[in-house]
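Undergrad: Below, each chain spelled out in residue letters.
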Amino acid sequence: MLTNIKLTVNGQKHELAVQTDTTLLQVLRYDLALTGTKEGCGEGECGACTVLLDGQAIDSCITLAVQADGKSVTTIEGLAEGEHLHPLQEAFIKAGAVQCGFCTPGMILSAKALIDKNPTPGEEDIREALAGNLCRCTGYVKIIEAVDEAARKMRGDS
Amino acid sequence: MTDIEYCRPHSLAEAVRLFRESDKVKILAGGTDLVVQLKGKKIAPQRIIDITYIPELNELEHQKDGSVSIGAAVSLARLTEDSAMQSRFPILCQAARTVGSNQIRQRATLAGNLANASPSADTIPALLVLEAKIRMAGPEGSREVAVAEFMTGPGKTVLQKGEIIKEIILPALPGGPQKALYLKFARRKAVDLAMVGVALLLIGEPDRQICRELRIALGAVAAVPFRVGEAEKVFRGQAFSSAAVSEAAGLAKKAARPISDIRASADYRLDLVESLVKKGIDEVWAQYLS
Chain X
1 MLTNIKLTVN GQKHELAVQT DTTLLQVLRY DLALTGTKEG CGEGECGACT VLLDGQAIDS
61 CITLAVQADG KSVTTIEGLA EGEHLHPLQE AFIKAGAVQC GFCTPGMILS AKALIDKNPT
121 PGEEDIREAL AGNLCRCTGY VKIIEAVDEA ARKMRGDS
Chain R
159 MTDIEYCRPH SLAEAVRLFR ESDKVKILAG GTDLVVQLKG KKIAPQRIID ITYIPELNEL
219 EHQKDGSVSI GAAVSLARLT EDSAMQSRFP ILCQAARTVG SNQIRQRATL AGNLANASPS
279 ADTIPALLVL EAKIRMAGPE GSREVAVAEF MTGPGKTVLQ KGEIIKEIIL PALPGGPQKA
339 LYLKFARRKA VDLAMVGVAL LLIGEPDRQI CRELRIALGA VAAVPFRVGE AEKVFRGQAF
399 SSAAVSEAAG LAKKAARPIS DIRASADYRL DLVESLVKKG IDEVWAQYLS
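For the protein sequence lines, the chains are X and R, in the order given. Positions 1 to 158 (this note's numbering) are the ones given, in order, by the first sequence. Positions 159 to 448 (this note's numbering) are the ones given, in order, by the second sequence.
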């Protein structure tokens with residue numbers, strides 16, 4: 001059965017007809033060609049598919065597209081403003097927190113959700129917020145440093 | 159691609175009607191269990207009923223008598239971030255925070271954790287020591303069961319055909335100084351099932367010497383999470399003693415019926431029950447005295 005849904009993605013309004021079992025990840029990657037969001041495990045465990053839904057981090061691979069109807073989605077593509085990178089993106093690059101880059105979009109969005117809610121996250125807060133995002137390359141140390149640095153920048157501390 | 163009907167009722171009555179009408183129907187709240195099962199082809203519903211647009215199911219209401227009612231569509235994240243929940247029922251917040259990850263908790267619901275009825279569900283031991291009640295709505299009307307009676311086996315509950323969880327009620331806790339704790343032993347710090355879950359609620363006398371009641375619930379070590387009545391008896395009306403702690407921990411171990419699975423052997427789980435109950439009681443007493 002097709003359901004018509006309306007969703008705003010990175011500020012742009014879209015209207016689509018989706019099958020009940022189509023996931024938000026599929027809509028983003030295949031219908032909207034926003035391939036920055038990745039599929040890692042496909043079962044909500046690795047966080048590579050993390051996007052923001054009404055500002056909250058969710059796993060888009062286990063979210064049905066119909067559940068995003070009427071809501072606002074932010075993907076990694078929605079962070080930069082033209083050539084101007086978001087402080088989180090800059091911090092990740094500067095800290096050396098990106099190796100293969102596959103986990104990175106999800107990591108950055110989880111971090112954004114955290115900082116938007118808590119502008120002064122401590123290390124434990126960062127670890128808890130990112131616990132649903134797995135990285136096989138970096139060992140997480142640089143990622144946590146990057147999030148900490150980005151939070152400082154975003155609140156004007158450095 | 160399978161052809162599944164998607165329904166979005168705006169009232170509980172409509173949801174119940176839609177649920178009752180068909181045989182292969184599933185209820186959708188957060189979908190963190192349902193969509194995984196759907197993708198893994200463990201289920202093949204013909205109809206999915208999205209209950210998140212029903213206003214009363216989205217209510218989180220703290221009552222004047224100290225109780226709280228948690229609607230079926232309330233997410234774990236919303237629950238754990240509610241400041242009144244944090245101060246009145248911290249053990250449920252603590253247990254809910256061990257579920258999955260932030261991403262999961264933003265969508266997952268307390269009702270869903272119950273309805274999915276996993277023997278290792280983290281919120282159930284906490285709900286057991288809080289003596290929660292589950293209110294359900296069905297074709298015959300609404301009814302209520304104690305959480306201890308709700309789950310009947312792995313993946314099985316007392317929900318009849320056409321019945322859905324409406325809300326979970328946490329009754330007001332008895333007065334008096336108290337401390338509660340949920341300990342989850344898992345391989346990872348997040349995104350993992352419990353190998354053993356221990357929920358403890360200590361209610362003491364005002365003099366902080368005598369324990370009025372120590373409620374103990376175990377998860378992941380039996381087909382259904384359960385309260386260990388025998389172990390609770392040891393502490394009723396008693397002062398703290400290491401002997402009592404060892405006795406209670408031993409009785410908890412005796413009561414557990416764990417299986418061996420990919421996460422742990424039954425023997426290891428039995429040892430974990432004993433040491434975690436001991437550790438938990440020591441910790442909850444120490445917090446209570448401070």
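Everything labelled a hint here was simulated from the structure, so no lab data went into it. Since the structure is predicted, the reported quantities are computational estimates derived from the model, not experimental observations. Any given hint could be a false lead.
Said to hold, decoys possible - Interface residues of chain X toward chain R, partial, derived using beta-carbon atoms under 10 Å:
#1 Thr8
#2 Asn10
#3 Gly11
#4 Glu45
#5 Gly47
#6 Leu53
#7 Ile58
#8 Asp59
#9 Val66
#10 Ala80
#11 Gly82
#12 Leu85
#13 His86
#14 Pro87
#15 Val141
As the list claims (entries may be wrong) - Computed cross-link-like contacts, BS3-like style, restricted to lysine-lysine with a CA-CA straight-line distance of at most 27 Å:
#16 Lys6/X with Lys412/R
#17 Lys337/R with Lys222/R
#18 Lys199/R with Lys142/X
#19 Lys6/X with Lys437/R
#20 Lys13/X with Lys142/X
#21 Lys222/R with Lys197/R
#22 Lys71/X with Lys222/R
#23 Lys347/R with Lys71/X
#24 Lys347/R with Lys197/R
#25 Lys117/X with Lys347/R
We put the beta carbon where it would ideally sit given N, CA and C, even for glycine.
Undergrad: If a hint holds in the structure, say so; if it doesn't, say that too.
TA: Outcome of the hint check:
no.: 1; hint: Thr8; verdict: 18 Å, violated
no.: 2; hint: Asn10; verdict: 19 Å, violated
no.: 3; hint: Gly11; verdict: 21 Å, violated
no.: 4; hint: Glu45; verdict: 6 Å, holds
no.: 5; hint: Gly47; verdict: 6 Å, holds
no.: 6; hint: Leu53; verdict: 8 Å, holds
no.: 7; hint: Ile58; verdict: 5 Å, holds
no.: 8; hint: Asp59; verdict: 5 Å, holds
no.: 9; hint: Val66; verdict: 5 Å, holds
no.: 10; hint: Ala80; verdict: 22 Å, violated
no.: 11; hint: Gly82; verdict: 29 Å, violated
no.: 12; hint: Leu85; verdict: 24 Å, violated
no.: 13; hint: His86; verdict: 19 Å, violated
no.: 14; hint: Pro87; verdict: 20 Å, violated
no.: 15; hint: Val141; verdict: 16 Å, violated
no.: 16; hint: Lys6/X with Lys412/R; verdict: 55 Å, violated
no.: 17; hint: Lys337/R with Lys222/R; verdict: 22 Å, holds
no.: 18; hint: Lys199/R with Lys142/X; verdict: 38 Å, violated
no.: 19; hint: Lys6/X with Lys437/R; verdict: 51 Å, violated
no.: 20; hint: Lys13/X with Lys142/X; verdict: 35 Å, violated
no.: 21; hint: Lys222/R with Lys197/R; verdict: 43 Å, violated
no.: 22; hint: Lys71/X with Lys222/R; verdict: 34 Å, violated
no.: 23; hint: Lys347/R with Lys71/X; verdict: 31 Å, violated
no.: 24; hint: Lys347/R with Lys197/R; verdict: 26 Å, holds
no.: 25; hint: Lys117/X with Lys347/R; verdict: 22 Å, holds
Hint violations for this structure: numbers 1, 2, 3, 10, 11, 12, 13, 14, 15, 16, 18, 19, 20, 21, 22, 23, all remaining hints satisfied.
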